[in-house]
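Student: Starting from the given sequences, assemble the full structure and let the hints guide the process.
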Amino acid sequence: MAMGAAAITDDAVEIAPGVHWVGALDPHLRSFDIILKTANGTSYNAYVVRGENGVAVIDTVKENFSDDFFRRLESVASYDEITTIVLNHLEPDHSGALPELLRRAPRARVYLSTRAQMMLKALLKPSGEKPPAYIPVTTGDSVDLGGRTLSFLHTPYLHWPDTQCTYIEEDGILFTGDIFGCHFCDTRLFNDRVGDFRFSFEYYYAHIMRPFRAYVLDAVALIEPLALNLIAPAHGPILRHLPREYLHRYRELATPRLFNEARSEKTLLVFYLSAYGNTRRMAEAIAAGAERIAGVRVSLYDLEGGDSDIFTDLVEEADGLAFGSPTINADAVKPIWDLLSSLTSVNVKGKLGAAFGSYGWSGEAVRLIEDRLRGLKLRVPVDGLRIKLVPDTGELEQCCHLGESLARHLTGQSEHRELDMAILA
Amino acid sequence: MPRAKVTFQDIDVSVTVPAGTRLIEVSEKVGAGIVYGCREGECCTCLTKIISGAENFAPPSILEDQVLKDNMAPRRHRLACQAQILGGEIVVMPA
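Just so you know, the sequences run in chain order A and B. Position 286, counted from 1, in the first sequence is what UniProt numbering calls 286; the numbers after and before it change by one each time, with no gaps. Position 45, counted from 1, in the second sequence is what UniProt numbering calls 45; the numbers after and before it change by one each time, with no gaps.
The hints are simulated quantities; they were obtained by calculation from the structure and are not laboratory data. Since the structure is predicted, the reported quantities are computational estimates derived from the model, not experimental observations. Some clues are possibly wrong.
Unchecked claim - On the chain A side, residues computed to face chain B include the following (Cβ under 8 Å):
hint : residue
1    : Thr114
2    : Gln117
3    : Met118
4    : Lys121
5    : Ser345
6    : Lys349
7    : Arg379
8    : Pro381
9    : His416
10   : Glu418
11   : Leu419
12   : Leu424
Heads up, the beta-carbon is just placed ideally off N, CA and C, and yes, glycines get one too.
Tutor: Okay, here's the thing in structure tokens:
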């Protein structure tokens, strides 16, 4: 991107006295990790912090941008001054230059989260080198650089298990890794100078952070008491103007948008598609059965009348999910797969899941949906229900029982069962 | 063959299993709430709290022990993908 080209050179950029940006720009990238669109490219932000007794490097860049990183790094520090390397996140776009940095700065000790240790070893495998001296850290740990102290905050799953933030108390600067980042390359670097990047900030949250919403709220709670002059994320603009607004926005994004009328109850969502009304009748009977159990709020949705984005929002808040599909050409129908594939953007781990459907010949849909639910890490304790063509009264009662059973699981009233491994499929 | 009884407290299901079964094999089949990631004892996603009967599992391997330590797992927690059932009665729930 050519915008503001004069704002940046090959040198490091000072973001505060003694603190420099030494990252790299990737303006022509148009998709990131295959799944994200990046109309404005991205940046890989790395930083250098100078203390009286040593220099710290915070994160690195994607490997093929190493030359830019080292050139900028060399403009503000020599390798023998580097005492500290902080890895807030070990994904390759931030650790790509690490093996070479370790070779060039052999004095440096590496500080990383406890959960990053095995990732570090795995990343260094191709270099064939022995892992460097590293120190696992967590909230409350710090490193004294002389006049400047780096304090660590344990903020896991944002968006990998290893993630952490690093804070300079004396300057009120928070290095956040991917959280508060976005894919938006602009040579003007700072949020009060770059083009309008708000869409990118929210898009990044929606696609990268949203599945870890509970961890986002934990991290926000940890960060909120800090004095904040500047947030320095690992991608996108450096947030020096009103940094707390971005923190506040993350809290908003990670909080349900609407008051939940059913918040004191367990919620079961029943989604279905039906070609001839048979799977619909099953869905209605399942919903009716579930409603027999006090403390459960049931909602019924025909997927033919909505789209995945709306339903994804509903799923994020729900306790239990049942999916009904007829079997067509030995498979569940496409809107079911569209919805199920969209659920990777929210956290469904541990929710209750179930499947049902009417079929004509073979009825594969139910088992295929159950497999997908397990793959999404839902628990599927109740066997799905397959009914050949038109459900009769007895079969509709079976559907009611399925609904009841799901509701009992949701409310902790499921009857104790004794099984033998030999009879389990 | 020696048998063991494993109870998944979150779904209130007890399963009789042959000795030597790994917890993952049975928890997935009954739809318990223990969730899995790598299934190779590395990611710690399947961390499981052992309510009782911890002594009825084979001791953790060096690998599992290291992963538990790295992830600051509390006492009486195991990786379901690694924990091998030896016999007796065991009660577990997702961590």
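Student: Now tell me if each hint is right for this structure.
Tutor: Results for each hint:
1. Thr114: holds (6 Å)
2. Gln117: holds (6 Å)
3. Met118: Holds, about 6 Å.
4. Lys121: Lys121 (chain A) check fails; min Cβ-Cβ to chain B is 11 Å, beyond 8 Å.
5. Ser345: violated (17 Å)
6. Lys349: With Cβ-Cβ at 5 Å, under 8 Å, it holds.
7. Arg379: Holds, because the Cβ-Cβ distance from Arg379 (chain A) to chain B comes to roughly 4 Å (cut-off 8 Å).
8. Pro381: holds (4 Å)
9. His416: This hint holds: His416 (chain A) lies near chain B, its Cβ roughly 5 Å from the closest one there, short of 8 Å.
10. Glu418: holds (5 Å)
11. Leu419: holds (5 Å)
12. Leu424: This hint holds: Leu424 (chain A) lies near chain B, its Cβ roughly 4 Å from the closest one there, short of 8 Å.
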